[in-house]
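Asker: Construct the entire structure; sequences and hints are all you get.
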Amino acid sequence: MEPTIFEREQHSMFQVYRRLPMAVERGDGCRLYDIDGRAYLDFLAGIAVNALGYNYPKLTDAIIRQVQSYLHVSNVFFQEPQVRLAELLTEHTGYARVFFSNSGAEALEGALKLAKRWGNERGKHELLAFKGGFHGRTYGALSMMDKPLYKDGMGPFLPNTQVLPLNDSAALRSAVNKETCAVVLEFLQGEGGIVFADPDFVNTILELQEQYDFLIIADEIQAGIGRTGKFFGFDHFMVKPDIVLLAKALGGGLPLGAILGGKKVENVWDKGMHGTTFGGNPVACAAGEVVVKEVIAHLQHNAHETGCYLRENLIILQNEFPSLIEEVRGCGLMMGLKLSVLAAPFVQAMLQRRVIVNATADTVIRLVPPLVVKRADIDEFAIAMRECFIEYLAQSSSASTASNGTAKAKQPATV
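Residue numbers (our numbering): 73 to 487.
In short, the hints are calculated from the structure, not lab data.
Misleading hints may appear alongside valid ones.
[Unchecked claim] Straight-line alpha carbon distances no greater than 25 Å define the calculated PhoX-like cross-link-like pairs of lysine-lysine that follow: (1) K410 to K219; (2) K185 to K365; (3) K302 to K188; (4) K302 to K336; (5) K203 to K188; (6) K203 to K312; (7) K312 to K188; (8) K219 to K302; (9) K365 to K188; (10) K302 to K223; (11) K223 to K203; (12) K335 to K302; (13) K410 to K365; (14) K302 to K446; (15) K312 to K130; (16) K250 to K336; (17) K250 to K188; (18) K130 to K336; (19) K203 to K185; (20) K185 to K250; (21) K185 to K223; (22) K188 to K219; (23) K219 to K185; (24) K312 to K185; (25) K250 to K335; (26) K446 to K365; (27) K203 to K219; (28) K335 to K312; (29) K250 to K203; (30) K312 to K302; (31) K336 to K185; (32) K185 to K335; (33) K336 to K188; (34) K446 to K130; (35) K223 to K188; (36) K410 to K335; (37) K250 to K312; (38) K203 to K410.
Only a predicted model underlies this, so the values are computations on that prediction, with no experimental measurement involved.
Answerer: The structure is reproduced here in structure tokens:
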């Protein structure tokens, strides 16, 4: 008997991913189909990557056209797809310069180098970030994060870095000084549980920047490209960071990240100071141009409008299940349900109902569907989510009743 794909993966790959028990064959719109032909409503979108969903005709056509021209020619040549996407980003955002990378982690690493180059000329060496943030798996990124699972046994990490509590202005004031080079912030944390920076906290950052002259680096890798109903997550605040990090949705499913630099850093790098072999791949940039244009034209608006409808449904669920749902978080199509119990069992229960969601920060159900999602899709999600909560409470009640009797019951592990 031939081994299954699940068995083959276990024998051939490092076991670092907690994969869902599903092997994907294809996707279309907001649906994924497994190798047995079953359809699943996707509210994960490759973890906020597939902004246009699957098999989006304009995206597919742009990729095919570029593949037929050339796949790769090295960054020693001028390339039209790169320049077109860079022009689109600078014109729409007002930033002065773009550097393309392969991923968000690479964008973060490049941004740290850019900030250090700027800071070293001014005697500034300290980098600050915040707990709950997620910036990648490389050493610079890990140095700006606090989660033990990602860091234990893999140090030492970069010197001159501190990870402070998010939304703690007192701790921030104590840490910032004349040697502070840059502050890295997700204005809306994804991995941290769909948590917004507090407006007063952001104002404290701005006040301290005015006093000490450091850079603000906005990690928009997950929240950017229209996901929150605005082009950037920080657009919900009266702020314009000096450096912006993009990735995930930017390539529409192909590996692509970007560093956007404002006037303060536009001339910091000289030729040869930074580079990449594959960053700004022409096929990925051709895809990125389609993504950005579609987001600007109508999908950012859809993220706002449909996101409001999603929030309404989540609040209805919260009112129905107040013992389970503590808080509805986020905005646009980057939403979360903060639960009073672990979220992982509900991911499995939703998968049984052929809806894909994600658990993060232990107790948060993260919802980041494609930006092309429709109200009917949200209705379908809400029905499945309600069924899961009803089943969970019924099983919990049965387990509690049994534990008070002669039989010794176990707490339900799945729902």
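Asker: Checking against the hints above, which ones are violated?
Answerer: 2, 3, 8, 9, 10, 13, 15, 18, 36
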